[in-house]
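If you read the sequences in order, they're chains A and B.
If you want my numbering, it's the position in the first sequence, counting the first as 1, plus 1173.
If you want my numbering, it's the position in the second sequence, counting the first as 1, plus 1173.
Rather than coming from a laboratory, the hints here were simulated on the basis of the structure.
If you're wondering where the values come from, they're calculated on a predicted model, not measured in any experiment.
There may be inaccurate statements among the hints.
Heads up, the list lumps identical chains together, so a pair's fine if it works in one copy or across two of them.
SDA-like, lysine to any residue: derived pairs with alpha carbons at most 25 Å apart [said to hold, decoys possible]: (1) K1176 - Q1215; (2) K1373 - F1457; (3) K1373 - S1433; (4) K1373 - V1202; (5) K1505 - V1477; (6) K1343 - E1250; (7) K1505 - P1430; (8) K1373 - Q1215; (9) K1176 - S1263.
Number of protein chains: 2
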Amino acid sequence: MAKNRQIVLRERPTGMIDDRCFEVIEEPVPEPGPGQALVRIQYVSLDPAMRGWLDDRDSYLPPVGIGEVMRSGGLGEVVVSNDPAVPVGSTVNGLVGWQDYALIGGEGGRATVLPEGIDPIDALSVYGATALTAYFGVLDVARPETGETVVVSGAAGATGSVAGQIARIKGCRVVGVAGTEDKCRWVTDELGFDACVNYKSEDVAARLDETCPNGIDVYFDNVGGEILDLVLDRINLRARIALCGAISIYNATELPPGPSNYFKLVTCRARMEGFLLFDYVDRFAEGVLALAGWVAEGLVKHRVEVVEGLEQAPTAINRLFTGENSGKLVVKVA
Amino acid sequence: MAKNRQIVLRERPTGMIDDRCFEVIEEPVPEPGPGQALVRIQYVSLDPAMRGWLDDRDSYLPPVGIGEVMRSGGLGEVVVSNDPAVPVGSTVNGLVGWQDYALIGGEGGRATVLPEGIDPIDALSVYGATALTAYFGVLDVARPETGETVVVSGAAGATGSVAGQIARIKGCRVVGVAGTEDKCRWVTDELGFDACVNYKSEDVAARLDETCPNGIDVYFDNVGGEILDLVLDRINLRARIALCGAISIYNATELPPGPSNYFKLVTCRARMEGFLLFDYVDRFAEGVLALAGWVAEGLVKHRVEVVEGLEQAPTAINRLFTGENSGKLVVKVA
């Protein structure tokens, strides 16, 4: 009889995720109830926000409970279905969790059927949550205008890389911030950013001055910390800071100080605004359509890193925080 | 021959303004040139933002130069005029500076003629810059809706007291934060705030929990510092933080850490936005009219503290930072 491997939370991490946090268990493959479907998972997604779901505090989603399967986006094939809208053989995308099989519909997770002809990896990357986050964050929150200077941190990440390319499409000067020479080169040479600052090896303040001679109109922030402060010190009148993430603090055991230069928001009549993809569910189709057009025209490029094996997920997710990965990080389950 | 006493900047303050910063000099009363008018100053205004004008850094206005008359709002009577739009005997309001006489028009300062029948003190207080700042900050930036919870820091100050009353008019639950029992009592008993937290004698976190049981939808911030952080930790979905000032840091010699909890802006999809009254010049008439209506209905009350004598200005301005004053602080010059 087929088994369902599940990676369940055993202990909440303090700082980085380690061996004590998760355990692989085996359960029987569940039977779909009325209106439900059973999905054999092919890929699960690893995203920085997942680290926040492990902390025991109120947030936009409840924390993953001890003993529960780790929550994650992912995608798989429907193998049994009691829901005519989700036929056997279709590929679905949703919050499937770190496991081999998931139930969707009814009391199971929510998922959407992928249109035919879309590569599963593309569905998780350039048409997935990270790319849509970039799409709505740039166009709805940051709203850059032609000729403006846009800075993107985490520029080689799945979200930042797309955010910067969208700002380029909108006619902006785009400066990335990333953590290796390789990432910086990819961002400028392949993705077409105007410049990229290596925050690990360069003087970020001096390089921002150099690469943003007219100041900064928009900051798409994935990182927080010191870079946010350095950007605030260089913003222009009516600047917009779209707060997407703060990967520099997700593993902090104590909350570090906030941006000292936040008062620049007053002198520049500027705005700092947070957003979450969940609020744009009704507009996902619009976003995917726009991204698909840009991908077809070669205006949005992306990179995917595939890790083999479900059991690698708890180790691989740390690559997001150490800066080892670039582009979208996924785990191949089956 | 009449003399013009002027208070000029001698040395930039480090921390609080002290005796070394300003000097009183006497100059001849200036002659108005073509298109100019000479104003005998009756009152000058003391405002927290003036402290920022003394620091040697780029901001929304150039710093007051060493040897220059201290910039300030104020009001006086036109005594000589070469501008038919500004007749002798009219009262004008503008950036007149700390002195007995000012030139307006041409290369002099900008000023507007006060409509007849308005008390000069009212023109500087409840219809003045601080009240207009509250008006536009609340209605244009914070945009509170009926039933929302609004917190106002510096609640007994010239701006905060009006901001809170406008939020009350809009049907909000309004909680002030102030620094003495007297101020708190004035804010609740006279101005009609629902509650007021004494940040010097009370546990602010506990009192915010108690007075804002449904969380905080809007924060009108005059203060910055720790209170901003405590408020951020209690904001609701789609909260708006209107950054008006940060009086707690104006005299700091080094920029203190920013708000650690700024990431709540992401989880709550909230916005923190700075604003300046200067941007609303075109709508001053609208603001004054609205305020006048509310004053007439008894819905907006105010308090003015008058210090006698121009030479008192450099000492009196510190009352804003020590928390000694409440309401609008002005200096009677003549």
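Hint-by-hint comparison with the structure:
1. K1176 - Q1215: within (15 Å within a copy, 87 Å between copies)
2. K1373 - F1457: For K1373 and F1457, neither the intra-copy (35 Å) nor the inter-copy (49 Å) Cα distance is at most 25 Å.
3. K1373 - S1433: For K1373 and S1433, both the intra-copy (21 Å) and inter-copy (23 Å) Cα distances are at most 25 Å.
4. K1373 - V1202: neither (46 Å within a copy, 60 Å between copies)
5. K1505 - V1477: within (12 Å within a copy, 70 Å between copies)
6. K1343 - E1250: Answer is neither: 37 Å inside a copy and 53 Å across each miss the 25 Å cutoff.
7. K1505 - P1430: So K1505 and P1430 fail the 25 Å test inside a copy (38 Å) and across (43 Å) alike.
8. K1373 - Q1215: neither (35 Å within a copy, 58 Å between copies)
9. K1176 - S1263: within (22 Å within a copy, 90 Å between copies)
Of the numbered hints stated above, those contradicted by the structure are hints 2, 4, 6, 7 and 8, listed in ascending order.
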